[in-house]
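Chain order of the listed sequences is A and B. With the working numbering, letter number 73 in the first sequence gets 73, and the count goes up by one each step, no holes. With the working numbering, letter number 173 in the second sequence gets 173, and the count goes up by one each step, no holes.
Read the hints as simulated data drawn from the structure, not as lab findings. Treat the hints with care, as some may be off.
Not everything, but these chain A residues come out facing chain B in the computed CB check (under 10 angstroms) [what the hints assert, rightly or not]:
#	residue
1	S5
2	L6
3	V7
4	G12
5	A14
6	E17
7	S33
8	A88
9	G89
10	A95
11	D105
12	V113
13	E114
This structure is a prediction, so every number in the text was calculated from the model and none was measured. From the three backbone atoms N, C-alpha and C, an ideal C-beta is built for every residue, glycine too.
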Amino acid sequence: MHEVSLVSEMIGLAESEVARAAAGGRVLRLKISVGPLSCASAEALRFAFELLASGTSVEGAELEIDEPPLVCHCQECGARSEAADAFAGCPACGASRVSLDGSRDVRLESIEVED
Amino acid sequence: MEIVLAKRILHANDRIAQDNRRQFEQTGVFAVNVLGSPGAGKTALLEAILPILGERCRAAVIEGDLATSRDAERIEAVGVDCVQINTDGGCHLDAGMVASALDSLDLGALDVLFIENVGNLVCTAGFDLGESLRIVVLSVAEGDDKVEKYPPMFSGADAVFLNKIDLLPHTDFDPARVRENLRRLSPEASILHVSARTGEGVGACAQWILGRRKAS
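If we strip away everything but chain A, and leave its shape as in the complex, we get:
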């Protein structure tokens, strides 16, 4: 539901990073990852990007969206594993005290700029 505000933040972040790197070329690609517990939909992010990129320095760039699996970090045995769902607990030891924090994130992983 708040994909428009996420994309607006992302474009602002990308523009400032491109300016900081003094990369004058055209922005070709933005790579983002959308966590399974982020409450953001890839389709809605693409739609918002098309609307909001227009007129900015990332206009025309490709939005590459990675959707990583749910990763649980066990608070008992320390294992980091892929989990089937948020209720499954640690696949390694069965403990239910796990952290799913990283799976909430929408991250701007990298920006590709024309040389």
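Based on these hints, arrange chain B on the given structure of chain A.
Okay, now just chain B, sitting in the frame of chain A:
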């Protein structure tokens, strides 16, 4: 050329949330983010809890809604200071909105600040406001499957206040189902049964909040 960032897109929100958190720590304010669906009874619970808390500490409320100041008026009617934020259609509060509202409050004169979020079981989960505690208000009328259906919301909860328990005899709502799903999703979260309407469990909710404040 590739610029590698690996940054949370909400890092701007996170930064403001950290500023809020620092401000709360410096002034000794225990900030509580109150989340849940529209109609779960968030405001009604605050109306019931605040007079009890008022005997033990100084509290204020920030109310988040799309429109109107109805909730702020309800809170002020129980004698508690309240700042209303209208998000004008926005589906969640963000840390910046809370930071602006803090300008209207004297934090030095407060012990507990409730931030009642916009009624929503999805988007509000993703925004840190700088709070110390997250309470999700779930009501019997919503059904016992909500923890399974909205895991991001419940996985971040420190407590679920199960409201409208006076309706239990009239429904097939199974509290054990909520308890079991919450145990699997968020084993350290507490569940408290309450009815803002009859007053049952309100005192225990107030006690629980004060206990968490003491432990913080």
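How the hints compare with the structure:
| no. | hint | result |
| --- | --- | --- |
| 1 | S5 | holds, 8 angstroms |
| 2 | L6 | holds, 6 angstroms |
| 3 | V7 | holds, 8 angstroms |
| 4 | G12 | holds, 8 angstroms |
| 5 | A14 | holds, 8 angstroms |
| 6 | E17 | holds, 6 angstroms |
| 7 | S33 | holds, 9 angstroms |
| 8 | A88 | holds, 8 angstroms |
| 9 | G89 | holds, 6 angstroms |
| 10 | A95 | holds, 9 angstroms |
| 11 | D105 | holds, 5 angstroms |
| 12 | V113 | holds, 5 angstroms |
| 13 | E114 | holds, 8 angstroms |
Checked against the numbered hints above, the structure breaks none of them.
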